[in-house]
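Just so you know, the protein sequences line up as chains H and V, in that order.
For the first sequence, my numbering gives the first residue as 1, with consecutive numbering after it.
For the second sequence, my numbering gives the first residue as 431, with consecutive numbering after it.
Read the hints as simulated data drawn from the structure, not as lab findings.
Quick reminder that beta carbons are idealized off the backbone N, C-alpha and C, glycines included.
Careful: at least some of the hints might be erroneous.
[Claimed, not checked] Pair by pair, the computed Cβ-Cβ distance ranges are: (1) H/R120 with V/Y652: 46 to 56 angstroms; (2) V/Q517 with H/G181: 46 to 56 angstroms; (3) V/R524 with H/A426: 42 to 52 angstroms; (4) H/S251 with V/F445: 47 to 57 angstroms; (5) H/A426 with V/V460: 53 to 63 angstroms; (6) V/E567 with H/A38: 54 to 64 angstroms; (7) H/G123 with V/A503: 11 to 21 angstroms; (8) H/V420 with V/D645: 51 to 61 angstroms; (9) V/A503 with H/H418: 49 to 59 angstroms; (10) V/R547 with H/I112: 51 to 61 angstroms; (11) H/A426 with V/P459: 55 to 65 angstroms; (12) V/E567 with H/L304: 44 to 54 angstroms; (13) H/A426 with V/Q506: 28 to 38 angstroms.
[Unchecked claim] A few chain H residues that don't get close to chain V, going by computed Cβ distances all over 12 angstroms: (14) N208; (15) F379; (16) L381; (17) R406.
[To be verified] For the chain H half of the interface with chain V, some residues (derived, Cβ under 8 angstroms), not all of them: (18) T196; (19) P197; (20) A221.
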Amino acid sequence: MPTRPAFSAGSAVRLAGPWAVLALVFAMLPMIFASGSALTMLSLMGIMIVFALSYNMLLGETGLLSFGHAVYYGLGGFLAVHAMNTVIHGRLPVPLFLIPLVGAFSGLLFGIIFGSVSTRRAGTAFAMISLGLGELVASSSLILRGFFGGEEGVSTDRTKLMHVFGLNFGPQIQVYYLIAGWCLICMMAMYALRRTPFGRICNAVRENAERVQFIGYSPQAVRFIAFALAGLFAGIAGALAAINFELVNSSAVGAEQSGLVLLAAYIGGIGNFIGPVIGAILVTWLEVMLSDVTDIWQLYFGLLFIGVVMFAPNGIAGLLTMHEPLWRARAFAPLLRLAATYLLALIVALPTLAAFIVLIEMIYHRSVKASEGTTIAIFHLTLDTASVLTWLAAVATLVVGFALFRRTWPIVGAAWHHAVIYAQAAGKVK
Amino acid sequence: MTAPAIELVDVYKNFGQTSIIRGVSFAVPVGERHAIIGPNGAGKSTLFNLISGRLAPSAGTVRLCGENVTGLAPYQISRRGLSRSFQVTNIFPRLSVWENVRCAVLWPLGYRYSFWRGVEGLADVRERTEAILDEIELLDRSHVPAGVLTYAEQRALEIGITIAGDARIILLDEPSAGMSAAEAARAVALIRKVSRGRTLMMIEHDMDVVFDLADRISVLVYGEIIASDVPARIKANDAVQTAYLGTAA
């Protein structure tokens with residue numbers, strides 16, 4: 001609040017409190033999710049959080065749509081892996097947990113080099129230049145074999161670096177804590193950055209770049225600094241990935257990786273600090289889980305993205321913050337009722353969704369995997385794709401299910417309306 | 431003798447084949463409140479764009495306090511102490527009213543691109559933002575997104591952003607456009623207050639506002655200044671009467 005004194009014991013607790021809680025959560029997570037695959041998943045989530053937040057410094061904060069952010073992630077990873085190998089060969093006294101600094105430096109350096117070109121323009125021109133630079137680096141990665149290691153990439157052994165406090169970083173749990181520590185530092189740094197004079201001007205550039213020029217700022221300089229700093233944090237994420245996989249190959253700088261971070265930030269919500277964090281967690285989870293159960297996981301991924309763009313343009317975080325005014329008006333009873341209607345709609349939607357997925361999988365099976373027989377196993381069912389009955393049942397479930405789902409919409413709408421009216425009345429009473 | 435705050439020497443601006451500004455020369459001394467009037471399409475806003483760096487002149491020289499600023503970018507001119515408002519409201523619609531004004535005080539207070547210190551802890555920024563919001567009577571609307579303000583409030587915010595940086599020279603492009611008589615009267619009072627000790631140049635269609643505020647008036651017709659004088663003599667000038675005031679009355 002602007003009219004209050006800037007620093008007081010209360011505001012210090014308000015500022016530091018959430019971070020202390022988050023640190024505790026990061027520390028406790030491996031106790032709840034102790035399996036090897038869960039630890040790997042958590043590590044990947046930590047990396048993706050840093051990467052998605054760095055991307056949102058451009059898209060959400062400064063209004064720059066980049067199609068080539070993986071360049072800084074990937075180059076950070078490559079330089080980190082080379083640095084690790086140099087340290088190992090030279091027996092240099094550098095512990096593993098400092099290697100992300102190499103990624104930070106590389107990301108910053110290439111952010112400065114490429115940013116000096118691409119940030120001269122905003123909007124569509126910037127997006128196109130970022131796409132071009134992404135393709136340039138991705139194709140170089142297959143040509144400059146000495147640095148990028150060709151198809152197989154560059155590998156390293158994270159356990160061969162100097163051991164400090166008896167940590168050899170062999171077990172995944174140690175790597176998880178290394179990633180979690182860096183993730184926390186990066187989150188705090190990027191959060192703090194938003195609340196600096198520069199961070200506020202980034203938002204002003206996003207809103208109205210022309211007006212910014214008349215209050216003393218060069219929008220080009222603002223874009224350039226934002227780009228270089230976003231490169232720095234992307235480089236840290238890339239270095240963390242290099243440590244995690246002990247391998248970096250050309251896919252790290254590629255368009256697919258650039259697309260993934262865009263999806264993560266957008267699905268989570270770009271208008272909000274927490275959005276890309278949610279998106280990074282969800283996208284990583286989906287990527288790992290879905291690719292286990294279906295070959296066409298990218299299709300579902302794309303459908304999710306389209307759904308978010310169409311129905312929740314502010315992302316998941318946007319859906320959550322939509323309820324914030326109701327929460328602040330203490331409309332708890334109507335909120336509970338609203339949540340109940342959401343649950344109802346969700347339950348009714350599930351058969352529709354299942355039928356939709358079954359249809360997609362059956363089409364995929366018949367067109368691509370027909371040689372493997374006509375039956376598929378899905379949702380604990382064994383279905384015969386050659387039987388007309390199966391198809392009819394799936395289509396019928398889809399149609400009837402959707403008709404039922406459609407009827408829950410007015411119920412949700414009424415509950416929402418009720419909550420808003422309640423909150424407005426509460427506001428007037430106060 | 432001190433150099434004039436704003437000085438234009440033989441300035442031209444062409445868009446393709448069309449000449450919009452055709453050899454304008456004039457000077458506004460430091461501390462003067464100077465109004466530009468003229469019919470629609472005379473080039474008044476273009477003239478402002480040339481002075482503030484939004485457009486570069488096709489020919490001629492623009493000087494601020496004796497310094498040649500011809501062809502400089504708007505932010506370079508802004509840093510030399512010139513601030514301007516816009517005819518069509520030009521604010522940051524999704525930022526709060528508070529943020530709108532605060533963004534405008536940062537550079538002049540010396541914080542520039544600093545990304546190593548928090549903005550909330552800067553007492554001078556907070557005090558100046560609060561003072562400006564108080565002055566434009568929007569303090570109680572601080573936390574509202576600027577885009578949802580009423581039209582008159584947005585015009586006030588536009589002036590607030592313009593004066594926030596404590597610029598020596600202020601250019602106001604139709605500050606009272608679209609306002610009711612009561613709102614315009616409040617705008618005049620505000621402009622009078624904030625222009626004290628500064629050089630003010632304004633484009634205005636409301637003749638009451640012009641004759642009320644201006645020390646001197648220039649009349650721009652088809653890209654040329656046809657008269658530049660004190661209000662009383664502008665009123666009596668025959669050429670002005672035919673070109674502008676006559677048709678308006």
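Broken hints, numbered, in rising order?
-> 1, 3, 10, 13, 14
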